[in-house]
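Chain A is fixed; fit chain B onto it per the hints.
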Amino acid sequence: MDRRFECMDGNEAAARIAYALSEVVAIYPITPASPMAEHADDWSAAGKPNLWGVVPDVVEMQSEAGAAGALHGALQKGALGTTFTASQGLLLMIPNMFKIAGELTPTVIHVAARTIATHALSIFGDHSDVMHARTTGWAMLAAGSVQEVHDFALIAHAATLRSRVPFLHFFDGFRTSHEVDKISVLDTEDLRALVRDGDVLEHRARGMTPDAPVVRGTAQNPDVFFQAREASNPYHLAVPGVVRQVMDELAERTGRRYDLVQYHGALDAERVVVVMGSGSGAVEEAVDSLVAAGEPVGMLRVRLFNPFPAEQLVAALPPSVRSIAVLDRTKEPGAVGEPMYLTVVAALAEQADGRPLPRVIGGRYGLSSKEFTPAMAKAVFDELTRPEPKRHFTVGIYDDVTRLSLPVDTDFRYPRPAREVQAVFFGLGSDGTVGANKASVKIIGEHTDLWSQGYFVYDSKKSGSVTVSHLRFGPDPIRSTYLVEDADFVACHQFGLLEKMKVLDVAKPGATFLLNSPFPAETVWDHLPREVQQQLVDKGVDLWVIDAYKVASETGMGSRINTVMQPCFFKLSGVLPADEAIAHIKAFVEKTYSRRGQTVVDRNFAAIDHSLERLVRVPLGEVTSSRRMASTVPDGAPEFVKRVTTLLMAGDGDRLPVSALPVDGTFPTGTTKYEKRAIAQEIPIWDPDICIDCGKCAIVCPHATIRMKVFEPGAVAGAPPEFLSKDFRSKDLPGHRLAIQVAPDDCTGCGVCVDVCPAKSKTEVRHKAINMEPVGEHRDIERTRWDYFQSIEPLDRSLLPHDSVKGSQVLEPLFEFSGACSGCGETPYLKLVTQLFGDRMIVANATGCSSIYGANLPTTPWTVNAAGRGPAWNNSLFEDNAEFGLGMRLALDTMRGQARALLAKLSPELGVDLVTDLLAPADTEAEIEVQRRLLDQLRDRLAGIDSPDARHLLALAGNLVRQGVWLIGGDGWAYDIGFGGLDHVLSSGRNVNVLVLDTEVYSNTGGQASKATPRGAVAKFAAAGKSTGKKDLGAIARAYGNVYVAQVAMGANDLQTTKALLEADAWPGPSLVIAYSTCIAHGIDMSKSMTHQKDAVKSGYWPLYRFQPSEISDGRPFKLDSHKPSIPVRDFVASETRFAVLERTHPERAAQLAELAQADADERWRYYEQLAGVLRTVPHLSPPIVPSPDVQPEVDRDGSGS
Amino acid sequence: MSETVDLTTRYLGLDLASPLVASAGPLNGDPATARLVAEGGASAIVMPSLFEEEILHEEIQLNRALDAGTEHFAEALDYFPSIPELADAGDRYVATLARIKAQVDVPVIASLNATTKGGWVRYARRMEEAGADAVELNLYRVAADPTLTGADMEARDLDLVATVREAVGVPLAVKLSPYYSAMANFAARVVATGADGLVLFNRFYQPDLDLENLDVVPRLELSQPWELRLPMRWIAILRPQLGPRVSLAATSGIRGGIDVVKALMVGADVAMMTSAVLRNGPGHFAAVEADLRTWMARHEYTSVDQLRGSASQATSGDPSAFERANYMKTLHSWAAPPGLTPASPSS
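Chains as they are written, first to last, in numbering that gives the first Met the number 0: chain A, 0 to 1201; chain B, 0 to 346.
Looking at chain A on its own, in the form it has when it is part of the complex:
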């Protein structure tokens, strides 16, 4: 039979089968499984039918727990259902998974296996999640390649219906879920053949119906529960046989033969490695190399982990085996060994039948997608040759603490097949490199007989992120499940990367190097860093250059250089004849972009046509350059930064030994300042002559790269001549000077500051007080200015009131230089919070964008002031952030209460006056400053008292200072997955401040709809525009009566935002601030981020208000802070792609939804207007009475103690 080959990644390979075989698909986004759900949603929205001609109902739930519940219900009614998840998401499904298996309900959950967060979150792949689910009674089937994912998805769906046991089908997150491979695609006949109608009908027959009612989910007592639990044994016992049967049927149809456990290697092997998942690709290559060298080795691939095929495992081992190493891609601290090791040991022991057992050792590899190569696999085989191999080991890291790691011969290579091409591309996220490479993989895989593979590595930044693409093309199927090590072709799509990354390390001798260079071929050599010149010469590299940006710009492609670089790759790599390749590239462009318009296609064509003629070969010169690769951190950086962070920044984190890392996930804050990324092409330059001191540029700056300082003229006496300042316009501080300064190497060039600057030149209106200018012309001078600016002492915080934009912006931000997207709408709020309260706040941060740009290594933006104080930050989970923060508040209150009690108790020793002063209320900043000085005295006195009480008080004393507990997260958390907890915390009356950064979609996972998504907006999981309106979270919170609630939008009213945050902090009960946050997922020009916010408010789409439960002056707690709508909602939405695109895809629906959206806004405005007039009959609603640490303790004045 002719088989169709297509290129796709593991997620698509799984989703195609899951979708075709399901009726109900309950989904929730989580990396790296989200694309499976997105595919299902896309197909459902497009009306694509499943195998039975029905369009599956794809429903997004509020959490994975919800998805599992919905799935459970659908299955119990007799539908075919599925879901997709990973990591903590799978853990949230576990309660339902027990039920589903306990009820013998056939279904499949497809898992892109991902690390469970422990000391840190990781989005990358290992088996810690699926291994945690192994007690649920689900069968577990592991795929190790994209082809296997496709095939095993079908095997799982077929086998679950036959066996009634639910299946967890898993594959390695990113390595397999995101690897693009050429695979043979199963057709509907394959699906029909394996998924038997009879099994489907039997499942239906078990569904709940009032026509034949039954009860499931009973409560059972000690008399029968145990027996009933054992009753399903035959079904579980039958699973291996069923899976084997289905595998055989698949083999018959496709020729691809799989087994439950599969042996590969020498028939007389003495050493065998047992492995599961994508790591088996690397082990297989090592085995082939070693066998070819005459070594008696082999491997066992485990496909079915649960129920574990013990008999088959033992039977598959050659009788010659002496020793076995079992590799686990997970860690279970404290266990005798990891799960597969234990299982294999038990299986061998059980099957031994009196024969001597081979020696079995167990090791961990590949946690969180750590590279696992044939060299590492060889290290494991080598270990088995030792007389006393480590019983437990790790491989792929250097463990200098517990000495578990194996030494790896890094020169060991699997010999690459003849005619194979390995290529590595360095680019930026914004230049289209990855997209073009995915296209190349598809072009070659789908249009030639060659096999192709693509794997893509992204850095952890959302702005200016670097991408590295690893591509392989060859005559044989590609098993290499690791990064390219010896590239035949290397391309660097960004000249600047040459100074930052060792791009040529991966090049093999004689490789071809393609460089996008702004310098012509004649002079480019002299612009190369010396290290690069050296490597080019040493390796005898064939160097080619092209000015791709010039070609892209001339052909209207802007900064997308992908279609310029791609033809050059084809020409130089020789994978395909250039003409043929160009025809394919054009066909691909046509297919991809024709639906977006002919103009886009035409421009791409023009870029392609002009590319090859600009490609020039450059002869290698002498190694003469005085340019050096950039050193990564300044000399003054802290020790940890120098020892650890520097290597992470340089991309050398893999080289760090175990001892270098903190044992408990604790890291110093304030490290972004050491990572000078210099990613902006243009930076804002201040013109003091025009400036009106408003502070708007500083308050909106998403990366805290525009700073404002006010100082006395004498303070800058030693300033360099370049330094700029002007008279500060202020009644409060006459005679002071003002400086506004950009941090040139931290700015992302978003341009938001320029957009909001209201001051224009009298003689040239386009010239503002701050203007974007090419960085090349200004970097040096701005560096000088910035260095000096940093040395100026910050203004005494008490000199200017903070409830103004200007007043807030002279305060030092303690959140700076994050990796958030250029123009991010969230980060200005965070920065402002830290300016106002940063030195006395603790943060509970929900998982999401803010936890990623807030704390993704290598560097983190939360920082400290000169006194070493700053926000203390932690992230628990996505779903529990409110509870997490509440816990902090509870701890703070109890510790503060104890401190106060101890103070009172120790007053005879400490002095009544000091104690009385310390117990006095200290709410304002001035009072807090006094209190801090008193605390210093207290600590001094406590040091001289030798008693348990004194020691405890010393430990607790810091809590006497009022600390703000900030619960921060996005709308996915607050409106959806964490809503239950948030609601509960708001109802508690406790003093927490909730800041919801509302982007109206799940931004971090790529724009999936949440309950904050407005009506008519297009988002993932709402491809046809969201039908229902946005949840009014503020209304729910206001209903409690004692919750401070504010809805803010900085771009519309920065002063109202500032006031709201100050009021939220001051309110002693729960506060909720809902902050409109523009996002790249809105499809807007992010440089106009704040203008969009303004329009959102002007149209009544986002009214500004503050609900102050403490209001007593006029008894009207609800203050409407925005004006009556002055533009229709349609004018606002027309400027945002998330709305506007619907008019292009579903015009009639767009018109209906637009009308409803206007009605929503009108109605909300009418309601709010009335609410603003509502007089409260309870004039002063304070928080409910909760145990308060501020109850004045009895101060022992007579010295007798109490």
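Don't take every hint at face value.
[Said to hold, decoys possible] With the Cβ distance kept under 7 Å, some of the chain A side facing chain B (calculated, not the full set):
| id | residue |
| --- | --- |
| 1 | D41 |
| 2 | I122 |
| 3 | G428 |
| 4 | G434 |
| 5 | K461 |
| 6 | G1006 |
| 7 | K1019 |
| 8 | A1022 |
| 9 | T1136 |
Source of the hints: derived by calculation from the structure; they are not laboratory data. For every residue, glycine included, the Cβ atom is placed at its ideal position computed from N, Cα and C.
Chain B alone, transformed into the frame defined by chain A:
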């Protein structure tokens, strides 16, 4: 008496019930309001222009917006669901055209505004396929490039006319700006290139300054009655030059029946209105038609044919009155008409 007046006319080969045509205006871009315009008495409807820039801008910008942030970050490889076939501005225009055609029984004229030849020309053909009874090509550009001569500009425009002429089989009108230095010559060449008629003249948003924000802003002003003078002059001049087979439409400043009479007398086949309809509603066509009938009846005109061109440059008593000779006279007789006071911004 008025019933006996024959208002039928022929424009671009289309038989129209009256010379009152709804020129390209916002009401004609929506099927619901276009229907009211037709029911209100317009004998043909010109849809608002589809702008070349709109098509290009939308394709490029939308594509950029959908691509923004893609492949930057491992957790979010893109930010939008896969978008099926995107209807661009041209697609939407053509769809609206088809809907309007289905709702009205008067001819519908589609309008294209362009300055360059390009891929967008395919929409001219699609307009025809969607049922446009004619296409109006709106030539409007600001000659701001100092390296281009008037001849260059005219050559480009003629090239454009030829391109559209080639693309469509239905009648083609070309709407001109009044700023050609040799209008009579250019008009003749436009006709020679294949235009079936001319629409005189287009008027566009002129930029204004927002003094509060120091921004340049576009500002729409509805036309004033005095603006009819310019098309009247040129229709009077062109009618005899171009002959009776070339259609001429007067637009700008037509407010009442008297204005229509004037336009017809100087040689127009139709008089087009937008501003007056925006001010008074679609029913204004009926009112103007009644005025026209009354005037014609009172002055014993029996048909539009009779009226048309009766006072062109060739047929008027004072041919020089349409040329420079009367400039001095006009200035001397000038007294500020009420319509010339600065209009308030349109709302």
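Against the structure, the hints come out as follows:
1. Satisfaction of the interface hint for A:D41 is found here, the shortest Cβ-Cβ separation to chain B being roughly 5 Å, below the 7 Å cut-off.
2. Interface hint status for A:I122: upheld, as the beta-carbon distance to the closest one in chain B is roughly 6 Å, under 7 Å.
3. Against a cut-off of 7 Å between C-beta atoms, the interface hint on A:G428 holds, since the closest Cβ of chain B lies about 3 Å away.
4. Evaluation of the A:G434 hint against chain B yields a held restraint, the C-beta minimum of about 6 Å falling below 7 Å.
5. With its C-beta approaching chain B no nearer than about 5 Å, A:K461 sits inside the 7 Å limit, and its interface hint holds.
6. Hint status for A:G1006: holds, given a least beta-carbon distance of 4 Å to chain B, under 7 Å.
7. Using the Cβ-Cβ criterion of 7 Å, the hint placing A:K1019 at the interface with chain B is satisfied: the shortest such distance is roughly 5 Å.
8. Below 7 Å, beta-carbon pairs count as interface contacts, and A:A1022 has one with chain B at about 4 Å; its hint therefore holds.
9. With a least beta-carbon distance of about 4 Å to chain B, the hint placing A:T1136 at the interface is held under the 7 Å criterion.
The structure shown violates none of the earlier numbered hints.
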